[in-house]
Each structure stands twice: as C-alpha cells, then as structure tokens.
Amino acid sequence: EEWNVSLWGSPRAFTAHVEKIAELVDEKTGGEFTLNISYGGLSNNRENLDGISIGAFEMAQFCAGYHRDKNPSITVLELPFLGVSSLEQEVELSMAVYQHPATVADLARWNATLLMPSPLPQYNIAGVGDAPAALTDFEGLSVRATGGIGAAMETVGAVPTSMSASEVRQAMDSGVVKAVAFAPHAHMSFGTIENATWWTENLNPGTVNCPVVVNTDALDGLSDDHREALLGSVDEALDHYIANYNGATMEAWGPALEERGITRVSFSDDEIAAFKEAAAAPAAAAWIEQNSAAGLPAQELYDMVTGMIADGS
Amino acid sequence: MATASLVLTDDSTLSKLDRALLRLERAFALISGLAVFGLMVLAVVSVTGRNAFQNPLPGYVDWIEQAMPLIAFMGISWVMREGGHIRMDIVVGQLKGRALYLTELITTLAVLILMVLLVWGSWAHFQRSFDFAAPMWSRDSSMDIALPIWPAKLMAPLAFGVLVARLLLQVWAYGRAVVTGQAIAVPLIADAATQARMEAEQLED
Amino acid sequence: MEPIDIGLWVTGGLLVMVVLGMRVAFAAGLAGLIGLIWIFWARKDFAMDDFGWALTVATKTAGQVPHSKVSSQALSLIPTFILIGYLAYYAGLTKAMFEAAKRWIAWVPGGLAVSTVFATAGFAAVSGASVATSAVFARIAIPEMLKIGYNKQFAAGVVAAGGTLASLIPPSAILVIYAIIVEQDVGKLLLAGFIPGLFSAFVYAALIIGMALTIKGFGPPVTGFTWRERFASLPPALPIVFVVVTIICFVYNPFGGDAWGTPTEGGAIGAFVVFLMALYRGMRWPQLKDALLETAKLSVMIFTIIWGVLIYVRFLGFAELPAAFSDWITSLTMDPMLILICILLAYAVLGMFMDAIGMLLLTLPVVYPAVMALNGGADVAAADSTFGMSGPMCAIWFGILVVKMAEFCLITPPIGLNCFVVAGVRDDLSVQDVFKGVTPFFIADGVTIALLVAFPWIVLWLPSLA
Ligand code: NA
Ligand code: NA
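Read top to bottom, the protein sequences are chains A, B and C. If you read the first sequence in my numbering, its first letter stands for residue 36, the second for the next number, and so on. If you read the second sequence in my numbering, its first letter stands for residue 54, the second for the next number, and so on. If you read the third sequence in my numbering, its first letter stands for residue 36, the second for the next number, and so on.
To be clear, the hints were calculated from the coordinates, so they are not data collected in a lab. All values derive from a computational prediction rather than experimental measurement. Among the hints, a few may not be true.
Claimed, not checked - In silico SDA-like links for lysine to any residue, alpha-carbon gap of 20 Å or less:
| id | chain 1 | residue 1 | chain 2 | residue 2 |
| --- | --- | --- | --- | --- |
| 1 | C | Lys130 | C | Met318 |
| 2 | C | Lys79 | A | Glu62 |
| 3 | C | Lys79 | A | Ser258 |
| 4 | C | Lys324 | B | Arg79 |
Same shape as in the complex, but just chain A:
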C-alpha cells in the first residue's frame, strides 16, 4: 500500500514530522505501507485541501490562514494574543480543537481527517530604522503582516501592507515596508534579517496553524494494522518535530541575530497587556460573531481554547 503525500517547498523543520511519520510507518509495517512524499509536485499549497477532497492524494499539509472560509473552525488558533508560550502547548491546543466535533464536521466537508498540527512559534516583527521603544512608536510604521496579525498591528497605528512573501525582502531593502512579521524560520529563509536592525522578542501577536490531514476514505480503507501504525506514530513524530524545531532552528536563530547585530526589542508587561487589550478582544469578538453567523459554535471553540490556556495546560 502506498500513499501520496502533498507538501510544498523543500524538506525543512516545518515538514520534519511528516518525514518522521513516513519513516515510522514504513518501519512498523515492514515496508508494506509507505508514504511517498512530494514537495510541490502534486498540488499548490493553497489547493491541498481540494486535492484531498478529490482523492488525488491521501495526505497533505496546509495552513488554515491561507483560506479561512475553507476551514473556519481551525482559525480560532490563529487569533491574535492567545498567549501560547511553547510548541508543546500549541500541539495540545491544536489537538483539542482538531478533535472538537465542530472541527471534525468542518473538515469532513473536504473528506478530510485532521492528523496532527505543525506547531510554529509566535510571529514577531523584524524591521529597519529606529527600533520601537514603546508601542506608540508603531504609529505610521509600514509593516508587512497579513490576516489577523495585520489587523492587530493596525490597532496600534501601524500600516499593514500586503505583498507576496517573495517580494518582502526587496520591499524591505528598498524601504517600501519598514518591518515584517514572520516566524523565525521564515525571517531566515526569506532573508528579512539580512538588513533588519531590530526584532521584537516578546510581542508575540499570534501565529498560523498548519495541520496535516488525511483523506477520510483512505484512512477508513486501511487495514487495522496499517491504521494503527499510522495513528500510533503521531506522538513520536510530533516529539521529533518539536525537538528538532527547538533545537536546530531556534539554536540558529539567536546566533543569526547576534551575527548581524540585530537589537532584540523587549516590551514591558504593561505595554503588552495594553496592546493585547486593544487588539485581542475586538478580534476575538469579530471572529466569534462572524463564525457564529456561519453556523459554527464559535463561542464554544473560543472558550475551550482560552480556557485551556488559562488553566496553563
């Protein structure tokens, strides 16, 4: 039995769990069940859910923020200032949301079953020019930030500007934008740190949620042994992912900043709290209203996530 897996880009920290699960499944089934991973050959990243729904391949990765209307339930995890503090916590929250009946039904529209998240650390902002000392310094700052994070930045007077990720570096070099919000690995791979002079260490405005899904019919069609080999490998694959991200990527991040003499900007707790109040509550309210109208138990999902965070899970 062979499954095709649609990823994009190149093998990297962001895909380490899929590579690992392929290895584990192969091992456990003695090579009877293999996952054939393709990087961009089978689909565009924004059409991976379509491919799953058609049955063109059996497993895929995508990010909820690429297309909110395709997967409204998961976007609760992309709300700004949820206060997630570690990749482990991100996994726990994601799994809880993924198993919620409303989410299961949401993804069932695509004949998809959520397998595991690809946890990313909080986005933060790298920029050129004078480092912001207080939140008021964001007033009028042009920043490349999309979706919820862009909306959050707008609340402190920043000017969110939209462009494709590949144009970001040129835009920053030439001054079209002064700052860019990305996760650390993206700051490195899109070269935004090459010219940046500062990086916000603890703004933590939010992140994107990028699950790995499988085609439900294909999952049901697996023999019990094979299904057990796949589902039973999720935890180990995620452990490997987190160890790798916290290790290799984050270890490279600190020295990358120091080498380039990039200032780490840290905001006081009061200021973060003020930002959070200005941005988080309205965004959450808007999200709940919008998704309740679309027939989702939005309040329930939101309460579940914020409750888990409050409990310090």
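Once you've looked at the hints, dock chains B and C with the ligands against the given chain A.
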C-alpha cells in the same frame, strides 16, 4: 491596428453563427483588456495611497489575484477564432484542401475533448469554493483580506464554455470543408489566406 | 507500468500532437490530462470499473490548474508590460526611438537593421515583454527596411531578434518571474540584466555589419542626415527617459531615501505614465480599445500556454519525473562546468517546443537547486565555490544565462513566440519566413551565451556594486 482576420465569411447559417459568436467573444476579450487596465489603475491607487496618504490599499495582492483570471481566460475563445493560439505549422503548412481540413478536424476534436473535460474540472473547482448556505456564498477565501474566491474561479468554466461553443462550430466548419472543399468560419493559415485574397483580387480585375 | 514509463510515453505523444499542428497550449494540457488519467487508473490496476473514478480524479485535478496557476501577482507583470508596449506605440515613443536611431546610426553598413537593433534596445528600457516589443517594431521598422530594399525575411528576423532584448534590459517580466521562483533579490537581478542586454545588442549589430559587408545586395546604408536633423530627433524620444527614471525610482530610487514601490508596482506605474503620454499625443477610445484588445490577445496566448504546460507539469509531478531528473543530475561525475553547459544545451532543445515562461516554470524547481548545489550550495563563499562566485551571485549569473536561453527560444523553430507574433502582425510574412530571417541571429546568441558563461563578470560587475 488589430491584425486582419483570416476567416472567410458567406451567407450560410454557419457563417452567421460564427459572426454572432464573434461578437460575444470580442466583448469577453475587451473585458480581459479592461482588466489589464484595471490592474494598472490599482497599482496607481496603491502607490499613491501608501506614499501620499500613509494609507495603502488593503489586500492589494488579493485584488490582483482576483483580476488575473479575467485577464488570462476571458479572451481565450476569441484568440481561437482568430487562429492566434500558437502552433507548429510545418506539417499542416504543407497540406492543402481536404487533407488539410481533415487534419484540422482531428486536432480540433482533440482540443474539444480537452476543453469539455476542463469545463467539468474547473466547474468542480468552482463548486468546492461555493456554498449557498455560507455568508457571501463563500467556502474559499483569499489570504490577506478574505475575499470570496468563487467569482474568480467561475471565470474558468465560463470562458472555457464559450470556447467549447467555438470549437463545436469549428468542428462543424471543418467537417463541412472536408465535404465541400470550401472552408468558411475557420482561421486559414497564412499561405492559404494569401491565396484566397489573390483569388478575390483577380475577380475584381 | 511504472509512472516514469507513463511519463515518457505521454511526452512522446505530446510531441506527435504538436508536430501534427495541434495548438501547443492544448496539446500540453491534453497530454497532461491523459497522463493523469493513466496514472490514476494504473493505481487501480486498470480495472474496468475504476476508469470512471480515474477520469473524475484526473479531470478535477487538472481542472484546478488554470485558476490556481494564473492567480499570481508575479504573473500580473506580463499583461502590464505588454500593455506598456502597445500604449508606447500610440504615444509615438516607438516611432521616435526608431527615428532617432535611424538618423544617428543608419550610416553604417546594414544601417537600418543596426538602427532597428538599437531602437529595440532603447525601447527595452520601458518594455518588459519581448513579444510586445517585436509586435510594435514589426509595424514600424519592417516597412522602412522593405522600402529601401532589404530582404523581407531578414527584416522580419531583425525585429524578432531585437525584441528579445526587452527581457534582459530592465525592466523585465521574465527576470522578475525568475527571481520569484527561486526567491532571489529582484533588484539585483534586474540590474544584472543591463550589461548582458546591451552586450547582446552590440553582438547583433556586429553580425549585421559583417553580413552587410559580405553579402551583395544587402540593404544599403542610409546617409545624408544633417547634425541639425540628428539633434532634432532627440526631443521626441526624451519621454522614454522620463519613463525609465520613473521605473528606476520604483526599484532603487537613485536620489536617496526609500524606493517608491515594488518592481511589480513599478511596471504598472510605468504603464500609467505611458498611458498619460499617449492621451496627450491624441490617443482616444478607439485606439485605446485596440491597444487593450491587442494586449488581451497576447496575454491570453501566453497564459493559455502557461496553464496548458502546467497541467502537463502536474502530471509529471505525479509521474515523479522531476525527482528522477534531479537525482540523476546530482549523481553525475562530470566536470561541473560541463554539466552547466549541458543544462544550457538542454534548455536550447526544450525551448524549441516551449515558450519562455512555461519553460522556466517547468524546469527551475528542479534545475535551480541542482545548479546551486554544483556551485557548492546557496550560502557558499566565492573562494570555496566551483564557479568562483558566492551563492547569491551564482543565482544571479544562472538567472541571466537561463533568461538569455529562454529569449533564444523565443526565436527558434518550431515554437518561437516572437516569430509567431511578427508573422501575425504582417500578413505578407509566414512564420517560416520569419524563422528563415532570424537564423543568423542564432550565431550571435550562441556567441553571447558562450561569452557570458566564460566571463561571468560581464553579468556580475554591476550587481556587485549595488
Ligand atoms: Na526591458
Ligand atoms: Na523556440
């Protein structure tokens, strides 16, 4: 400055249908051209907004992505009518009369099969992004400002549908040409057109 | 049957369809769709009951490609740059460029053809699309050359070849698309194209002068312009400079301070400036409508090829051909320079059957990492590298080489878009005529590419200053 069409016309139903469809095709092509113009205006608005008023156009990239299918698809049938889609005419250029029309009939049928399937496939792509029950009927949205994508996705089956009508007409026209030896309502390759024009000029003398 | 075998069979079938005269975009799309059906059906061991399933999945997979692939900000540059070309025609800019070049240069042997080359090179500074440049100069330069006795085929060839300069001399849609595919600095790449573009123009000119001196009955030089007439030809061409400065300000801003926008915005603003000039020069709705229809026509031709080829590429992805190719290249034990030359030759062959952008989209995801690996990796220092240049510089050098190859493919038979466009503009010319006329320029392009490979500093000097 539009290039001269190499399509012959007469009083037959076929030719009348050809010219009726041409009007629709030209309207679609003009939409495509206007969309390019719109792209230009969009950039002016975005740049002026950002540089002069500190207020860039929200979702600039999303709007461009919405406009692109208009530009890329709407003129497809018009270009087919004018014989503009590029091809290699080393072999067909050597053929004349019925042999030529038969070859054209076969390749046109092949294109027709492809396009019928793509109308189906692109319609399915549209359908996955469309939901009557959802707000703004949207089940798929753009990345930055969450515009519904279904209108842009609908452009593909719409334009391809017109192309299918054009291809049906061309299959009829080539089939007729195989029988009668006279090709109307289909683009002639350059040499044949020159020949036809020379014949017409001789008549005028 | 293995997926790779299916891949080879379908590729063969595609070539047969193209040779039979099926329109390339649709031949590629059909080959891709049939290939997908075949691959999905093979998964079910060709059971009769499962054909319907395979057909459905393949059709729906292919049906995503047109919308998904054309909805890209990077590709929005193509129609914008084509529009600049046509608007500039109505603004009288093309005519002015050609007139100035004629009065200043046409006294050399083969003068009018040499003037055409330099006029297209000057026009390239506002035009970012080769096909549009060829299309507008076909209307202006060919009639003048015919008037003084140039061979019809050669006159068409000069215009087809001259048009390719627009994609090296910035701005250039295809250079931006390359930069976006491989995630490299757009500004430096555009800068890098300038000298190779001018260099190509001089090689073309040398070739024409050489031909004029050896071939009897070649078009005569045009002499007798007074200095007053020469200087009088400059002011009408000046608006070009204004447009160039506008576009440069978008990408670099030489006056210090921030650039005004991104390169994609710069293209659109350039079009807007030319649009205002055309309005001032008397363009009204009928002419604008013509320009928009012509823009739509060329754009649709190019986009149809793009999505057609990409359906085929999607099938190749399922057939695992790209991965097989990449493994093969990196396993070779030849001299890296020899491998690079083989890659460029492969581009020449591939380009015979494909258009420039389709070819880049098809190959770069596979070939670019292989070339970077040959040089020693993306972050290699010049001292440790195979080709004697750092990773980012290698990306720029290879980009210019590939774009020059892609431009070469615009004039090679059987599928050479520029030649089709020139033939399309002029009823008295068949595609074969244009291909015949453009043949001498293959030699010029061969020389240029060899020199760019042998002396990378021609490409890298300017971007290394930035
Ligand atoms: Na150019
Ligand atoms: Na070619």
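Checked hints:
1. C:Lys130 - C:Met318: Status holds; Cα separation ~15 Å.
2. C:Lys79 - A:Glu62: The given pair, whose Cα atoms are some 25 Å apart, is violated under the 20 Å limit.
3. C:Lys79 - A:Ser258: holds, 17 Å
4. C:Lys324 - B:Arg79: holds, 11 Å
Going down the numbered hints, you'll see the structure goes against just number 2.
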